[in-house]
Amino acid sequence: MAENGIGASLKRKEDPRLLLGKGSYVDDINRPGQAYAAFVRSPHAHANIKSINSTAAAAAPGVVAIFTGDDMAADEVGPLICGWAISSKDGSPMNMPHHTCLAQGKVTYVGDHVAIVIADTQEQAKDAAELVEVDYEELSAVVGTADADAAGAPQLHENAPNNTCFDWHLADNKADVDAAFAGAAHVTKLDILNNRLVPNAMEPRAAVGDYERSTDSLTLYTTSQNPHVARLVLSAFFGIAPEHKLRVVAPDVGGGFGSKIYVYSEETACLWAARKIDRAVKWTADRAESFVSDAHGRDHVTTVELALDGDAKFLAMRCSTKANLGGYMSLFSSAVPTYMYATLLAGQYTTPQIYAEVKTVFTNTTPVDAYRGAGRPEATYALERVVEAAARELNIDPAELRRRNLIQPDQFPYETPVVHTYDCGDYGASLDKAIEIADYAGFAARRDQSKAGGKLRGIGFSNYIEACGIAPSAAVGALGGGVGLWEAAQVRFNPTGNVTVFTGTHAHGQGHETAFAQVVADQLGVPVENVEVVHGDTDKGPFGMGTYGSRSIAVGGSAIVKAGEKIIAKGRKIAAHLLEAAEDDIEFTDGNFTVAGTDKALNIGEVAFAAYVPHNYPEGVEPGLDESAFYDPLNFSFPSGTHICEVEVDPDTGTVEIVNYTAVDDFGTLINPMIVAGQVHGGIVQGVGQALTEGAAYDPDSGQLVNGSFMDYTMPRADNVPSFNIDTTETPSPLNPLGVKGCGEAGAIAAPAAVMNAITDALGTENIDMPATPEKVWRAAQAAG
Amino acid sequence: MYNFNYQRASSLDDAVAKLGAASDGTLLAGGQTLIPTLKQRLASHSDVIDLSGIGDLRGISADGGGVTVGALTRHAEVAASADVPAALAALADGIGDPQVRNCGTLGGSIANADPAADYPAAVLGLGATVNTNLRSIAADDFFTGLFETALNDGEIITSVTFPTPQKAGYAKFPNPASRYAMVGVFAAQMGDGVRVAVTGAGPCVFRVAEMESALAGNWSADAVAGISVSADGLNSDLHGSAEYRAHLVTVMAKRAVAAAG
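Protein sequences appear in the order of chains A and B. Position 353 of the first sequence, counted from 1, bears residue number 353 in my numbering, the numbering being contiguous throughout. Position 178 of the second sequence, counted from 1, bears residue number 178 in my numbering, the numbering being contiguous throughout.
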């Protein structure tokens with residue numbers, strides 16, 4: 001292994017730059033002569049727009065231009081899109097509303113985009129935006145998931161009767177599953193909510209649209225997780241500019257969590273307007289805008305039932321979910337509550353039959369899309385809550401009930417009843433290790449000790465699985481996805497022997513510049529400091545699909561390895577020529593091409609130099625050492641693990657303290673264990689946030705977001721969590737060249753169920769929903785006595 | 001932020017003059033409420049008059065009967081002071097976060113009279129005297145309602161004099177998001193009786209007479225354990241209903257007394 005190659009806990013190369021304020025975020029980018037945009041947003045959750053009068057605003061100091069939806073329609077800017085088609089049970093296609101970039105005639109949520117005001121300064125743009133007079137005809141609003149499709153509910157979209165987008169099930173097997181339930185020895189049923197979350201990436205969304213007159217081309221600097229996809233969407237669907245006349249740059253981006261996948265109205269309008277006014281147009285969201293305009297996450301109402309036989313083996317599961325889409329569809333909003341949710345309901349278990357149905361509804365709220373975990377946290381939460389509840393009802397130790405139903409290591413590849421075929425895993429190993437680290441055996445004594453101090457102690461498990469490394473393109477297409485989800489890489493040796501790696505993925509906190517460099521260092525034997533990873537600019541690297549769904553190392557990393565294999569193959573030809581040996585006799589290890597059985601060798605740097613200065617060079621071989629690869633994965637990858645949370649509840653106040661949190665994860669091969677640990681920490685904290693503190697609260701009548709600032713929306717903080725006990729098990733994936741599985745979302749997927757199972761254990765009631773705020777816990781404790 | 005004229009006062013008299021001359025002026029002390037409010041365009045003023053250059057409004061001085069804290073004294077300075085009652089220092093140490101504590105001022109806090117601020121509980125709970133450029137105001141008369149005080153136009157707080165308690169303690173249940181007090185209770189045994197002041201729970205800091213008389217007879221957490229305040233008129237929001245806040249008043253009162261020793 002090369003020094004600092006795969007498996008080394010190397011400090012992140014990007015951190016000194018980012019921590020010392022040397023990063024370059026979109027808001028750091030300024031173009032000559034740029035103007036600033038502010039958006040006129042709907043103050044109403046649901047209203048018809050009767051008229052827009054921008055006369056006063058246009059006369060305000062510094063105003064350059066004001067555009068509305070009609071102006072963009074006149075330029076035939078296409079509607080915003082959803083990238084995944086889902087059909088209802090009856091075969092009918094989903095009811096996708098027409099979603100213009102700026103509203104035309106109607107707004108469907110507070111914060112919806114009505115007009116763009118462009119001025120010489122940001123403050124002038126904001127001042128003028130307040131002067132735009134919009135005559136609204138207010139309509140009744142519906143915000144709740146459960147009652148959005150009720151008779152008499154206000155209707156958002158003409159083409160979506162009863163506010164329903166689709167009424168879907170994974171398979172037409174309800175009768176079989178019902179029969180299994182009829183024969184069950186025991187059935188456990190839970191009604192649960194999965195709360196709506198506001199992503200709150202540290203960096204708000206931002207955009208600079210720039211027009212280059214000399215080439216009639218546009219550049220968009222934007223906070224995107226997937227700049228190439230953004231370019232494709234802006235070109236092919238919105239018609240802003242052809243792809244070859246459009247460059248999208250996503251420089252340093254401060255967190256995405258899914259909220260920066262979508263191509264939003266703001267960047268589209270800034271880019272389009274830049275050409276209209278022949279000036280660069282810049283917009284940076286303030287936090288209040290982020291709250292109402294970044295795509296939210298989760299928001300499910302679910303009934304989940306588990307049927308068990310007399311030996312407590314799982315016979316079947318039924319899961320019925322209503323998912324809130326918000327005011328319009330978003331990029332993955334149809335896929336997240338269906339194929340990224342229902343397909344994970346088998347979890348780690350051998351449950352032979354599962355029926356899953358999902359109805360999606362429109363409400364007068366901010367649109368919902370992928371958010372860290374995206375469907376998989378919701379699946380894990382439903383499954384692990386009902387498993388824990390079943391254990392309590394049957395008076396079986398929750399670890400034992402899980403163990404009794406786990407898929408065994410010799411059963412892989414394992415085909416679940418819900419689409420996926422798991423490649424590998426050893427779920428019992430993670431469970432056993434977690435139990436040991438968490439000192440499960442000592443829990444009863446700790447509970448007694450807490451009780452003596454007037455506190456309630458509880459412990460909860462979460463055995464999660466996720467489908468990452470998205471995804472085989474053919475499988476995606478078969479399930480309704482509009483794109484392929486392969487990844488691309490280019491490995492370029494420079495003449496002096498250092499390496500530039502281009503990836504189609506994008507890093508916004510994941511540490512790709514380090515981890516990908518380690519992969520290259522390991523494979524090609526180049527010092528890690530001599531490897532530069534470049535991403536985020538459509539004019540530099542190959543087209544790629546971006547970063548989400550814990551796909552970057554499994555798919556993007558594999559593409560790099562494939563390109564590296566081509567480098568080695570070509571280098572072998574060059575080395576054979578220079579060393580006057582047969583190509584088959586050349587071995588490549590630790591960066592050196594060696595004639596087998598001799599000490600004749602050339603370093604890969606020397607070979608690279610020869611490739612660029614090919615004075616003495618093999619016939620028929622092209623100069624240069626610069627190779628590309630596109631990698632389409634063979635399957636999803638399936639990270640898994642066991643998380644155990646232990647809480648202490650103060651029954652006087654309802655305060656929950658997490659006193660112990662153990663995570664044992666199987667991510668396959670670890671490239672950089674320190675980065676993995678950071679990802680696990682961050683994921684757990686986000687999961688704890690969902691369980692304990694976070695949740696978008698809408699006023700049911702006005703549709704206003706009540707907690708639209710950090711003064712009221714409770715982000716988890718350092719003092720909400722203990723020092724974590726984290727460890728790993730390792731079953732390398734046999735399906736990608738690195739054996740990796742992905743680690744970015746695991747914590748957020750596993751933690752909510754672990755935390756809530758601990759709280760319900762402490763309280764002795766299942767009757768509490770996330771977020772388990774102090775008042776809710778206090779009331780549940782009172783009710784449970 | 002809307003445009004305004006920034007003015008820096010060189011003295012108390014200068015501040016009063018500038019405020020009087022402005023069409024819609026406001027005073028800037030630590031700015032921990034004013035600046036975010038301005039930045040979010042939730043307030044607009046013709047003039048912002050910065051008091052921070054007035055040196056004699058800052059500092060802590062102890063005398064026989066108590067301690068006087070200048071209006072521009074930072075929370076962090078109070079928290080670190082050995083001269084103020086320990087319960088007051090502990091309260092100051094729990095306000096906001098380090099940034100707030102190093103910018104926010106005592107005078108700014110009580111002039112703003114946020115119903116969830118910590119300081120009003122100590123001012124009322126210790127029976128302090130609020131000194132202004134015009135007069136001295138007893139704590140019982142100072143806080144008059146939601147963001148309302150007895151201060152008149154052109155009246156500027158110069159300092160607050162806290163008498164020395166025999167025992168005092170503060171316990172707060174923080175709002176999980178803002179970390180303001182959802183309920184904060186300051187309990188003090190003074191030379192002339194017991195005072196119990198509650199912040200966060202209602203629209204304005206208030207005293208609980210029943211707890212005060214119970215503690216006067218028996219200074220112990222048990223003495224207030226059975227005393228509850230009515231939920232009528234208390235604050236209610238997504239973090240806590242009035243009923244929950246009323247319950248927390250009792251719990252925090254017990255903890256305040258316990259903290260006082």
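Don't read these hints as lab results, they were simulated from the structure. Please note that the accuracy of each hint is not assured.
Stated by the list, open to error - BS3-like, lysine-lysine: derived pairs with alpha carbons at most 27 Å apart:
{"hint": "1", "chain 1": "A", "residue 1": "Lys126", "chain 2": "B", "residue 2": "Lys39"}
{"hint": "2", "chain 1": "A", "residue 1": "Lys22", "chain 2": "A", "residue 2": "Lys50"}
{"hint": "3", "chain 1": "A", "residue 1": "Lys566", "chain 2": "A", "residue 2": "Lys540"}
{"hint": "4", "chain 1": "A", "residue 1": "Lys89", "chain 2": "A", "residue 2": "Lys126"}
{"hint": "5", "chain 1": "A", "residue 1": "Lys540", "chain 2": "A", "residue 2": "Lys13"}
{"hint": "6", "chain 1": "A", "residue 1": "Lys22", "chain 2": "B", "residue 2": "Lys18"}
Hint-by-hint comparison with the structure:
Of the pairs offered as hints, the one joining Lys126/A and Lys39/B holds, with about 12 Å between alpha carbons and a cut-off of 27 Å not exceeded. Simply put, Lys22/A and Lys50/A have alpha-carbon atoms about 48 Å apart, too far for the 27 Å limit, and the pair is violated. A hinted pair counts as satisfied when its Cα atoms are at most 27 Å apart, and Lys566/A with Lys540/A qualifies at roughly 20 Å. Only pairs whose Cα atoms come within 27 Å are accepted, and Lys89/A paired with Lys126/A is rejected, the gap being roughly 47 Å.
A distance of roughly 21 Å separates the Cα atoms of Lys540/A and Lys13/A; the hinted pair therefore holds under the 27 Å criterion. Restraint check for Lys22/A and Lys18/B: the C-alpha separation of about 42 Å exceeds 27 Å, so the hint is violated.
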